[in-house]
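J.: One-letter residues, chain by chain:
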Amino acid sequence: MNYETLKMGGYGAYVWSSYALTLLALFIMAFAARRASGKELSAAVRRVQINSTNNASSNATNGGTSS
Amino acid sequence: MNWVWFHKLASPPSAYVFALRLRPWLFWISVIMMLWAAYEGLFVVPPDYQQKDAFRIAYVHIPAASLSLMVYSMMAIAAAIGVIWRMKLAHAVAAACALPGAILTALALITGSIWGRPMWGAWWAWDARLTSELILFFLYLGYMTLRASFDDIGRADRASAILAIVGVVNVPIVRYSVVWWNSLHQGQTLSVFGESKMDSSMITPLLVMMLAFLMFFGAALCDGLRAEILRRERNASWLTDLKAK
Amino acid sequence: MTPRRRRMMFVVLILLAVAGATMLLLTALKQNLQYSVVPSDVYTGKAPLDRVFRLGGMVEQGSVKREPGSMLVQFDVTDYSHEVTVQYSGVLPDLFREGQGVVVRGKLQPSVDGHQLLIAEEVLAKHDEKYMPPDVAAGLKKAHDARRSAAEAPTSSASPSTSVTHH
Numbered sequence: 158m159n160y161e162t163l164k165m166g167g168y169g170a171y172v173w174s175s176y177a178l179t180l181l182a183l184f185i186m187a188f189a190a191r192r193a194s195g196k197e198l199s200a201a202v203r204r205v206q207i208n209s210t211n212n213a214s215s216n217a218t219n220g221g222t223s224s
Numbered sequence: 017m018n019w020v021w022f023h024k025l026a027s028p029p030s031a032y033v034f035a036l037r038l039r040p041w042l043f044w045i046s047v048i049m050m051l052w053a054a055y056e057g058l059f060v061v062p063p064d065y066q067q068k069d070a071f072r073i074a075y076v077h078i079p080a081a082s083l084s085l086m087v088y089s090m091m092a093i094a095a096a097i098g099v100i101w102r103m104k105l106a107h108a109v110a111a112a113c114a115l116p117g118a119i120l121t122a123l124a125l126i127t128g129s130i131w132g133r134p135m136w137g138a139w140w141a142w143d144a145r146l147t148s149e150l151i152l153f154f155l156y157l158g159y160m161t162l163r164a165s166f167d168d169i170g171r172a173d174r175a176s177a178i179l180a181i182v183g184v185v186n187v188p189i190v191r192y193s194v195v196w197w198n199s200l201h202q203g204q205t206l207s208v209f210g211e212s213k214m215d216s217s218m219i220t221p222l223l224v225m226m227l228a229f230l231m232f233f234g235a236a237l238c239d240g241l242r243a244e245i246l247r248r249e250r251n252a253s254w255l256t257d258l259k260a261k
Numbered sequence: 005m006t007p008r009r010r011r012m013m014f015v016v017l018i019l020l021a022v023a024g025a026t027m028l029l030l031t032a033l034k035q036n037l038q039y040s041v042v043p044s045d046v047y048t049g050k051a052p053l054d055r056v057f058r059l060g061g062m063v064e065q066g067s068v069k070r071e072p073g074s075m076l077v078q079f080d081v082t083d084y085s086h087e088v089t090v091q092y093s094g095v096l097p098d099l100f101r102e103g104q105g106v107v108v109r110g111k112l113q114p115s116v117d118g119h120q121l122l123i124a125e126e127v128l129a130k131h132d133e134k135y136m137p138p139d140v141a142a143g144l145k146k147a148h149d150a151r152r153s154a155a156e157a158p159t160s161s162a163s164p165s166t167s168v169t170h171h
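Chains as they are written, first to last, in our numbering: chain A, 158 to 224; chain B, 17 to 261; chain C, 5 to 171.
Treat each hint with caution, since some may be false.
For each label pair, taking beta carbons as the anchor points, the in silico distance ranges come out as [said to hold, decoys possible]:
hint: 1; chain 1: A; residue 1: R192; chain 2: B; residue 2: S89; range: 23 to 33 Å
hint: 2; chain 1: C; residue 1: L19; chain 2: A; residue 2: S209; range: 45 to 55 Å
hint: 3; chain 1: B; residue 1: G158; chain 2: C; residue 2: P52; range: 28 to 38 Å
hint: 4; chain 1: C; residue 1: T31; chain 2: B; residue 2: G203; range: 13 to 23 Å
hint: 5; chain 1: C; residue 1: K146; chain 2: A; residue 2: Y160; range: 29 to 39 Å
hint: 6; chain 1: C; residue 1: M27; chain 2: B; residue 2: G158; range: 20 to 30 Å
hint: 7; chain 1: A; residue 1: Q206; chain 2: B; residue 2: A175; range: 32 to 42 Å
hint: 8; chain 1: C; residue 1: E126; chain 2: B; residue 2: I151; range: 16 to 26 Å
hint: 9; chain 1: B; residue 1: Q204; chain 2: C; residue 2: S85; range: 18 to 28 Å
hint: 10; chain 1: C; residue 1: L19; chain 2: B; residue 2: R102; range: 16 to 26 Å
Rather than coming from a laboratory, the hints here were simulated on the basis of the structure. All C-beta atoms in this analysis are idealised placements derived from N, C-alpha and C, irrespective of residue type, glycine included.
Based on the provided sequences and hints, a complete structural model is requested.
T.: Structure (structure tokens):
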């Protein structure tokens, strides 16, 4: 790929910044969703662990309700 | 009509597992398609007869802009289903649409601005298309802010659903702004029923990029939806079962 | 079923109310929502005389005149029925050329013999929604010119506005 191609006939700054910002936006989109699900999952795992230890100590049945 | 599959999928645990399994497929296929389309759009496709190489911005601008509208429509429909059928999963879908939609709208506005500067001679113009797309961005922001202002997730769902439904009026305004008013923005290039106004040598990467954007959004939606499901199913027993696996 | 029906009606009514209100608002503001007016509006008195506004149209073929040694440029903006002469001093956008759509922002000068002159503060170039490679565009233009000369051959007095497709 030579320098002339990258210059895009003088519009290189506009074209490349558009594509770079697109990459950034897509990265943020994927990352934000991934982090949200990861955070909720680890919180849920912690709750389940606490519940199971509670249940084990009190010998109670599963207190969770599904709706 | 057998709706068993629907009810099964619409139950939070099935939707959770479905989203978990679907995501990598959507993500990786969309990444491959995007790389191909970006390469074609940047280096292979011939320059436009008027705009020369600056028109290559269309390959990221048009997918972002069209998807920003599609995502809002989806969010509003999901919110309406959530309100009418009291369906938690639909509210979860609507909630998961907001952030990706806002990002896509911002991207459409920014790439449009970068495109407008060399072509029109202005970063911004208060014409109907640009202004209504900016309103779309504020609708997404308002939706997310409204959600965040409630502690109770059920109340957040219902209140924000009303905003999502009201705001859907803006979608046809964005879409037809270039037809209804004299604007600086050009008319619609792609057409579902008529003939598209882009030469056949240029259009394939654009269509592939649009599909790739849609699938990429789908992947983000899968992750976001899982987060929203977990948030709504705090004490559900199926989570214990899932953990055991 | 009744509560669900009620919620459905609620959603539909909200949508109808908001859509109706928006439609009324947009109809009432129709003029203000136009980004620009066309040259014909200037001659029918729809353009403001005392303040800056935006005028949109095509740069008339062969009308661009540049003042040597200065940034001053003069051209006619047409909607194929009326023209307004525009004077502008400054950098023109890359897409500015004859036959290209423009939107100019400026103020009308008192008309002389019914001829309208606008001093522009800003000139923006418009482009259409068509994208094609240069060779395809050249081919289209050739075909268009051939058709045009064939159509104009029998009646040489044909008005140029009839052969131009413009919306």
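J.: All hints, please: hold or fail.
T.: Against the structure, the hints:
no. : hint                        : in the structure
1   : A:R192 - B:S89: 23 to 33 Å  : holds, 26 Å
2   : C:L19 - A:S209: 45 to 55 Å  : holds, 47 Å
3   : B:G158 - C:P52: 28 to 38 Å  : holds, 34 Å
4   : C:T31 - B:G203: 13 to 23 Å  : holds, 21 Å
5   : C:K146 - A:Y160: 29 to 39 Å : holds, 34 Å
6   : C:M27 - B:G158: 20 to 30 Å  : holds, 21 Å
7   : A:Q206 - B:A175: 32 to 42 Å : holds, 33 Å
8   : C:E126 - B:I151: 16 to 26 Å : holds, 24 Å
9   : B:Q204 - C:S85: 18 to 28 Å  : holds, 26 Å
10  : C:L19 - B:R102: 16 to 26 Å  : holds, 19 Å
Checked against the numbered hints given earlier, this structure breaks none of them.
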